[in-house]
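Chains as they are written, first to last, in the numbering used here: chain E, 1 to 219; chain L, 1 to 388; chain W, 1 to 124.
Misleading hints may appear alongside valid ones.
20 Å max Cα-Cα, derived SDA-like pairs, lysine to any residue [stated by the list, open to error]:
| # | chain 1 | residue 1 | chain 2 | residue 2 |
| --- | --- | --- | --- | --- |
| 1 | W | K122 | E | I198 |
| 2 | W | K39 | E | V71 |
| 3 | W | K122 | E | Y44 |
Computed footprint of chain E on chain W; a stretch qualifies when at least three of its residues, placed anywhere within it, have a C-beta under 8 Å from a C-beta of chain E [as the list claims (entries may be wrong)]:
| # | region |
| --- | --- |
| 4 | 42-54 |
| 5 | 90-100 |
Simulated from the structure, these hints should not be mistaken for lab results. Just so it is clear, CB atoms sit at the ideal spot from N, CA and C, and this is done for glycine as well.
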Amino acid sequence: MAKVHEITVWARGVLQDKEGRDVINIFAKAAQAEGKHAQAFDNYEDLPDRVLVTVRKYVRLSDEEITHKYVYTNDKPEVVVICEATIVKGIDVLRGMEPGGTLIINTNRSIDDMLKLLPNANLLATIATVDADAITGVRTVDFSGSEGGVDTTGIGKGIAAPIVGAVAKVTGLIKKESLAKIVSDVSGMERGYNEVKIKHFKPAVAELVGAAAGSKTKR
Amino acid sequence: MMTGCRAAAEGAKSAEVEVICSFPIRPYTAIMMELAKMVANGELNAEFIHGEGEHAQLSVVLGASAAGARAYTGSSGVGVTYAMEIYSPMAGGRYPAQMSIADRTLDPPGDFGSEHTDAMSTRDQGWLLGWACSPQEVYDNTLMSYRIGEDHRVMLPQMVCQDGYFISHIPDKVTLGETSQVKEFLPPYRPISPLSLTNPVSHGPQIRPDQGAPMDAMRAQTFLAIPKVIEEATADFARIFGRKYDPFVEQYRLADADIAFFIMGAHSNTARAAVDKLRKEGVKAGMARLRWVRPWPTHQLAEALGHVKAVGVVETSTSYGGAMRGGNLIHELRASLYDLDDRPLVTSFMGGLGGETIWPADFDYMAGVLSKMVKEKRTDRYVYWLGM
Amino acid sequence: MSKEDNMAKALPGYGTIDVPKDRVVPFGAVTPAPVGTQKLFQTSNWRVVRPVKDEEKCTRCLQCYLACPDACWVYKEEDDTLEWVGDFCKGCQVCIAQCTVDGALVAAPELDFEGGVVRLEKPF
Numbered sequence: 001m002a003k004v005h006e007i008t009v010w011a012r013g014v015l016q017d018k019e020g021r022d023v024i025n026i027f028a029k030a031a032q033a034e035g036k037h038a039q040a041f042d043n044y045e046d047l048p049d050r051v052l053v054t055v056r057k058y059v060r061l062s063d064e065e066i067t068h069k070y071v072y073t074n075d076k077p078e079v080v081v082i083c084e085a086t087i088v089k090g091i092d093v094l095r096g097m098e099p100g101g102t103l104i105i106n107t108n109r110s111i112d113d114m115l116k117l118l119p120n121a122n123l124l125a126t127i128a129t130v131d132a133d134a135i136t137g138v139r140t141v142d143f144s145g146s147e148g149g150v151d152t153t154g155i156g157k158g159i160a161a162p163i164v165g166a167v168a169k170v171t172g173l174i175k176k177e178s179l180a181k182i183v184s185d186v187s188g189m190e191r192g193y194n195e196v197k198i199k200h201f202k203p204a205v206a207e208l209v210g211a212a213a214g215s216k217t218k219r
Numbered sequence: 001m002m003t004g005c006r007a008a009a010e011g012a013k014s015a016e017v018e019v020i021c022s023f024p025i026r027p028y029t030a031i032m033m034e035l036a037k038m039v040a041n042g043e044l045n046a047e048f049i050h051g052e053g054e055h056a057q058l059s060v061v062l063g064a065s066a067a068g069a070r071a072y073t074g075s076s077g078v079g080v081t082y083a084m085e086i087y088s089p090m091a092g093g094r095y096p097a098q099m100s101i102a103d104r105t106l107d108p109p110g111d112f113g114s115e116h117t118d119a120m121s122t123r124d125q126g127w128l129l130g131w132a133c134s135p136q137e138v139y140d141n142t143l144m145s146y147r148i149g150e151d152h153r154v155m156l157p158q159m160v161c162q163d164g165y166f167i168s169h170i171p172d173k174v175t176l177g178e179t180s181q182v183k184e185f186l187p188p189y190r191p192i193s194p195l196s197l198t199n200p201v202s203h204g205p206q207i208r209p210d211q212g213a214p215m216d217a218m219r220a221q222t223f224l225a226i227p228k229v230i231e232e233a234t235a236d237f238a239r240i241f242g243r244k245y246d247p248f249v250e251q252y253r254l255a256d257a258d259i260a261f262f263i264m265g266a267h268s269n270t271a272r273a274a275v276d277k278l279r280k281e282g283v284k285a286g287m288a289r290l291r292w293v294r295p296w297p298t299h300q301l302a303e304a305l306g307h308v309k310a311v312g313v314v315e316t317s318t319s320y321g322g323a324m325r326g327g328n329l330i331h332e333l334r335a336s337l338y339d340l341d342d343r344p345l346v347t348s349f350m351g352g353l354g355g356e357t358i359w360p361a362d363f364d365y366m367a368g369v370l371s372k373m374v375k376e377k378r379t380d381r382y383v384y385w386l387g388m
Numbered sequence: 001m002s003k004e005d006n007m008a009k010a011l012p013g014y015g016t017i018d019v020p021k022d023r024v025v026p027f028g029a030v031t032p033a034p035v036g037t038q039k040l041f042q043t044s045n046w047r048v049v050r051p052v053k054d055e056e057k058c059t060r061c062l063q064c065y066l067a068c069p070d071a072c073w074v075y076k077e078e079d080d081t082l083e084w085v086g087d088f089c090k091g092c093q094v095c096i097a098q099c100t101v102d103g104a105l106v107a108a109p110e111l112d113f114e115g116g117v118v119r120l121e122k123p124f
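All chains, full assembly: derive it from the sequences and hints.
Take a look at the structure:
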């Protein structure tokens with residue numbers, strides 16, 4: 001079975017529900033355009049109709065057909081994307097991540113500030129921040145695509161555009177050109193791609209620490 | 001002499017129910033008429049609420065039961081199905097209120113005769129579901145069901161069912177319990193987590209999907225414990241009131257029977273007479289009458305009917321498109337007998353639908369079919385529609 | 001196995017149902033209330049900003065106490081103070097909107113504080 005890349009996106013209910021979902025949809029559509037197999041879906045257990053509650057969105061990318069398509073959650077996310085930085089205080093966002101993962105946060109605060117809030121940062125090989133709100137300032141609130149509906153208002157108009165640009169740059173999982181064909185705000189996406197701040201940790205060290213800490217994710 | 005409706009009301013009165021919620025629909029209406037009179041005359045000290053429909057009736061008794069009151073309601077036919085949403089929350093929230101059903105056929109086209117499909121359609125909602133075959137048994141089941149449902153090992157709502165018209169409207173002899181007997185048999189209702197100002201609790205909160213499976217398992221676990229509680233209550237009832245019931249299955253001339261009718265409700269009276277007649281004619285016939293549909297007495301049925309050569313299930317409810325294309329009882333009876341090494345042949349007869357009578361001659365016909373099955377050692381058909 | 005699991009013991013075929021201790025749901029799903037003591041539903045991680053009170057300006061008019069939908073302002077009569085229940089405050093800012101004194105209650109970014117949020121493994 002080919003490797004399945006799992007990306008988990010965390011956002012806030014109602015205010016960012018659409019933007020969070022745009023991130024996963026843009027990624028899945030771009031991956032499909034590149035000939036990959038991709039899945040994008042909301043976590044149904046979350047409560048996206050409640051303002052500010054944390055909600056999860058998932059992407060899976062693979063070169064082959066994804067056989068565990070009805071496994072409900074991304075149990076081992078390789079990449080975690082945070083649409084609103086306070087979420088890292090209230091959730092163990094790296095839960096299930098294997099050593100060597102990537103975390104990308106939408107914030108204007110510094111990477112070092114963010115690291116202080118992450119008790120298990122040793123799992124990370126890469127952390128990045130992008131100030132998506134400063135780049136576009138737009139948070140689309142629209143429910144047409146929620147609860148499994150069809151999105152009728154287009155995707156990638158708001159902060160999702162710079163966020164996917166940043167994720168493409170940091171992970172290399174998708175080409176910027178593929179994203180440009182899908183997002184409404186292409187320049188926002190490109191600014192995210194260009195302005196993302198990245199910090200790498202020495203993989204050897206990260207892996208050593210991570211292996212020692214162990215991964216205790218099985219339910 | 002009194003009707004099943006009056007007997008149900010007398011049962012509720014004996015149980016000293018505290019909250020009653022009504023909404024009229026034939027044929028159960030008279031239960032509420034009688035209770036309304038009792039409350040108005042000061043014979044029964046209960047809060048009598050007229051709901052705006054059956055959904056409201058069930059919601060009212062759910063709340064009353066949560067608050068700590070012994071609550072009582074009832075319905076018939078499409079009223080039973082209109083309340084459908086509330087059955088599972090009531091059972092899942094463990095509110096041991098009681099609903100008295102006088103069975104009525106579902107629409108269309110508005111036939112108000114008896115048929116068990118109304119209450120049978122709620123059988124997978126987690127309630128206790130029992131059927132009476134006489135006004136006396138309606139009264140007795142009302143008390144027994146409260147006792148069983150309110151037992152802390154159970155804490156589940158109960159349906160006390162009787163055939164509309166046949167039992168609900170045709171008067172029969174009924175002996176009511178003395179107050180002292182009822183007091184000894186039925187202790188006061190003690191809720192486990194009542195709504196209270198000093199110890200506030202949340203009823204019916206949202207739970208997560210990962211809590212759903214254990215919740216279901218715990219409800220299923222309760223149903224493993226209920227049969228023992230039923231046995232205790234039935235034995236206690238016999239001791240105190242002097243009326244003895246088989247806890248799960250009434251066995252009539254079954255011990256040496258070759259053929260048997262499997263039946264529940266009013267028409268079992270005709271079946272008993274038919275068995276007597278067949279015996280006189282030299283046919284070794286018997287009858288098994290089901291008292292509880294939920295919990296289903298799997299092993300008791302295997303024990304009662306295992307030795308019989310052919311069983312005819314008399315259905316009185318429909319399961320369109322079901323495994324046997326007839327009624328419901330045959331599915332569960334066949335499943336109950338499946339593990340026996342030498343199991344009886346089983347077929348079913350659709351009868352008493354839409355309120356039609358099952359005639360003595362129908363039982364003769366059924367006995368003929370069953371005897372032929374015994375002789376030929378096979379089942380030709382799963383379902384026979386009586387009169388068709 | 002439940003002590004009352006008698007049918008399962010006495011009769012073949014039913015088996016027993018073992019609900020693991022850590023998965024047992026309260027009987028009838030009835031849980032303690034109000035939400036201030038509801039450990040199963042801690043909502044502090046809904047918060048992006050938190051209400052911060054200026055003790056000097058606060059007049060104890062109790063509008064915040066009345067307005068909070070989650071009972072997160074608790075009035076302590078003995079020392080005449082209002083205590084904020086941080087584990088459950090969702091940061092909805094209704095209390096700030098209702099506050100009768102300019103500047104007595106203000107919203108501050110949650111990220112400016114160390115701790116104060118119950119970190120969960122799942123969203124709720």
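Cross-check of the supplied hints:
no. : hint               : verdict
1   : K122/W with I198/E : 27 Å, violated
2   : K39/W with V71/E   : 28 Å, violated
3   : K122/W with Y44/E  : 13 Å, holds
4   : 42-54              : holds (count 6)
5   : 90-100             : holds (count 3)
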